[in-house]
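Residues per chain, in single letters:
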Amino acid sequence: MIHARFDLAYPGFTLDVDMRLPSRGVTALFGPSGSGKTTLLRCIAGLERAEGGLLRVQDEVWQEGGKFLDTHRRPLGYVFQEASLFPHLSVRRNLEYGWRRIAPEKRKVHLEQVVLLLGLRKLIDRKDPSGLSGGERQRVAIGRALLTSPSLLLMDEPLSALDSASKQEIFPYLERLHGELDIPVLYVSHALDEVARLADHLVLLEQGRVIASGTLSETLSRLDLPTAHLDDAGAVIEAKVAMHDEAYHLSRLDFSGGNLWVSKVERAAGTVMRARILARDVSVAIAAPHGSSIANILAARIDGIEDEGPDRVNLRLALGGECILLSRITRRSRDRLGLAVGMEVYAQVKSVALIA
Amino acid sequence: MDPAFSTADLSAIWLTCKLATVVTVILLLVGTPIAWWLARTRTWWKGAVGAVVALPIVLPPTVIGFYLLVAMGPNGPLGQLTQSAGLGVLPFTFAGLVVASVIYSLPFVVQPLQNAFEAIPERALETAATLRASALDTFFSVALPLARPGLLTAAVLGFAHTVGEFGVVLMIGGNIPDQTRVVSVQIYDHVEAMEYAQAHWLSAAMVLFSFVVLLLLYTLNPTGRRK
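So the sequences go chain by chain: L and S. Counting with this note's numbering, you get residues 1 to 356 for the letters of the first sequence. Counting with this note's numbering, you get residues 357 to 583 for the letters of the second sequence.
Simulated from the structure, these hints should not be mistaken for laboratory data. A virtual CB, placed ideally from N, CA and C, is assigned to each residue, including glycine. Hints should not be assumed to be uniformly reliable.
[Unchecked claim] Label pairs and their computed distance ranges (CB to CB):
hint, chain 1, residue 1, chain 2, residue 2, range
1, L, Glu175, S, Thr397, 43 to 49 Å
2, L, Arg121, S, Val563, 54 to 60 Å
3, S, Pro477, L, Gln168, 27 to 33 Å
4, L, Thr14, S, Ala407, 34 to 40 Å
5, L, Gln207, S, Ala407, 41 to 47 Å
6, S, Phe496, L, Ser263, 54 to 60 Å
7, S, Leu385, L, Leu230, 54 to 60 Å
8, L, Lys127, S, Asn531, 52 to 58 Å
9, L, Lys127, S, Leu385, 29 to 35 Å
10, L, Gln207, S, Phe496, 49 to 55 Å
[Claimed, not checked] Straight-line distance between alpha carbons at most 25 Å, and here's what the computed SDA-like set of lysine to any residue pairs gives:
hint, chain 1, residue 1, chain 2, residue 2
11, L, Lys108, S, Thr494
12, L, Lys127, L, Leu89
13, L, Lys67, S, Thr494
14, L, Lys106, S, Thr494
15, L, Lys127, S, Leu500
16, L, Lys127, S, Pro505
17, L, Lys127, S, Glu478
18, S, Lys402, L, Arg49
19, L, Lys67, S, Glu482
20, L, Lys127, S, Lys402
21, L, Lys108, S, Ser490
22, S, Lys402, L, Lys108
[Said to hold, decoys possible] Examples of chain L residues lying across from chain S (beta carbon under 7 Å, computed):
hint, residue
23, Thr71
24, His72
25, Tyr78
26, Tyr97
27, Arg101
Here chain L stands alone, though its shape is the one from the complex:
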């Protein structure tokens, strides 16, 4: 458990946060710019000093009352927006910088492990880090942070300074990190797709306050939060690869609320994957559709309806087994179909994005 309470006021900005976060998995701090995500992360790192704040990580007190652990005494890793490699050190020296500074018995993460995990084999013998691409630099920076064997890894929009090609290059590494190392991560982001891919837990920040905190799928499926109004609003579902249809090159994913057919994934049956279904890719029908090209049609019950601008509404659709989908349709369709909370409908899923 991580307990953080900070109260900070600058001219034109206040941070007023009291939150408890799981000390496992990836927790995303999500919000628009200026919402205080980075300031909060800096307070947790001790780079910003919020007088009177409180911070406990697992059983350790990092800040409380008069006690304030200096940044270099906190067992954390920090990945900044830009990679901030030391230009006067070789790639290897950069990686080893923090590793050399911790007691040998505390070195739980090893160089070889990080090299494998982040694909650094070809980079490690480079003399000058300034010759690396943006994505490579960020991988080295992540490795450097991991090599301090942190009990908490803080990542401040580590992908936002990268072009989309570098982002795609680095995603698989981040996902592996998530799977292979048991280090809790606080991940600051303002990009919903990153959050949907990486996070297990989601904290929404607005104007320096926490407006929601919960598991990723729970939080993303709420209609009353700003995330529901984003263009790429949508639900995240954990599903298991059930079977492959070689003839049509498709795979079937099963989850508690039904199943989804998707383009064939190169994963063994039984693998759990995360499926992201955008609200704008889900339409509804009041009778079981006939003669539709849409392969994925799921029985659902309308669980909530909220206006989305003057012309559209967001629907919350409950599938079986507590699975939720969001759907964005026009207001006219809602009225024409007479949609109301509690109605049984069919959700037609046009597109599914698979993650990990």
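Please build the complex by placing chain S on the supplied structure of chain L, with the hints as guidance.
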């Protein structure tokens, strides 16, 4: 024809090199923490400290020399201190010359260092802190290496400026062979004695030396940016 440099000339050259070397070493040791502090602090009296350090740039050397002479004299505060420490009084000694030169050349070392330190992004220091480096550790493992061009500039300027000083030397050190008679004073003596040939040789040597030093500075450190 006489040899280009007389024994007295050579002795003056040797003394000048010795003085400049000792002064440069002390300046780097003293100037680096001052420059670091000036570059990092946010106190309101930073400006005052910066101005005091920079004073030797604008003041006539005779003014500095005069005040130092008074301060280091038997009744001055520095003089009292050195006497009670059993060191005697400093004016007209090599040690006195060192003290005066350090003060006189301080801005030429502090300012390039301060500029170099200020150019280091805050982010680099924060990164070091998140990688378990204490403030002192960060200074030596990140700040100093990143400020290396500035360090080089500071050392060269401190050395060269000490070699080139005259007014302060005359006020504090006078003109004692092997003690305080440096090249600039020796040239003055030659001219006073109408020994223009000797004055020419020494002066030309100074011109050449200064040129080589500046050339080194500009070629080794073209824009302050490392390759």
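Cross-check of the supplied hints:
1. L:Glu175 with S:Thr397: 43 to 49 Å: At roughly 44 Å between Cβ atoms, threonine 397 of chain S and glutamate 175 of chain L fall inside 43 to 49 Å, so the hint holds.
2. L:Arg121 with S:Val563: 54 to 60 Å: Roughly 56 Å apart at Cβ, these two residues keep to the hinted range, so it holds.
3. S:Pro477 with L:Gln168: 27 to 33 Å: holds (28 Å)
4. L:Thr14 with S:Ala407: 34 to 40 Å: holds (38 Å)
5. L:Gln207 with S:Ala407: 41 to 47 Å: holds (43 Å)
6. S:Phe496 with L:Ser263: 54 to 60 Å: Taking Cβ atoms as reference, phenylalanine 496 of chain S and serine 263 of chain L lie about 55 Å apart, which means the hint holds.
7. S:Leu385 with L:Leu230: 54 to 60 Å: About 58 Å separates the Cβ atoms of leucine 385 of chain S and leucine 230 of chain L, which means 54 to 60 Å holds.
8. L:Lys127 with S:Asn531: 52 to 58 Å: holds (53 Å)
9. L:Lys127 with S:Leu385: 29 to 35 Å: At 31 Å between Cβs, range holds.
10. L:Gln207 with S:Phe496: 49 to 55 Å: violated (41 Å)
11. L:Lys108 with S:Thr494: Holds. Lysine 108 of chain L to threonine 494 of chain S sits at ~24 Å (cutoff 25 Å).
12. L:Lys127 with L:Leu89: Roughly 7 Å separates the two Cα atoms, so the pair holds.
13. L:Lys67 with S:Thr494: The given pair, whose Cα atoms are some 23 Å apart, holds under the 25 Å limit.
14. L:Lys106 with S:Thr494: holds (21 Å)
15. L:Lys127 with S:Leu500: holds (19 Å)
16. L:Lys127 with S:Pro505: holds (19 Å)
17. L:Lys127 with S:Glu478: holds (23 Å)
18. S:Lys402 with L:Arg49: holds (23 Å)
19. L:Lys67 with S:Glu482: Since the Cα atoms of lysine 67 of chain L and glutamate 482 of chain S sit roughly 20 Å apart, the hinted pair holds (cutoff 25 Å).
20. L:Lys127 with S:Lys402: violated (38 Å)
21. L:Lys108 with S:Ser490: Holds. Lysine 108 of chain L to serine 490 of chain S sits at ~21 Å (cutoff 25 Å).
22. S:Lys402 with L:Lys108: violated (44 Å)
23. Thr71: Check passed: Cβ of threonine 71 of chain L comes within 4 Å of chain S, closer than 7 Å.
24. His72: Cβ of histidine 72 of chain L sits 5 Å from chain S, so the hint holds.
25. Tyr78: holds (4 Å)
26. Tyr97: holds (5 Å)
27. Arg101: holds (4 Å)
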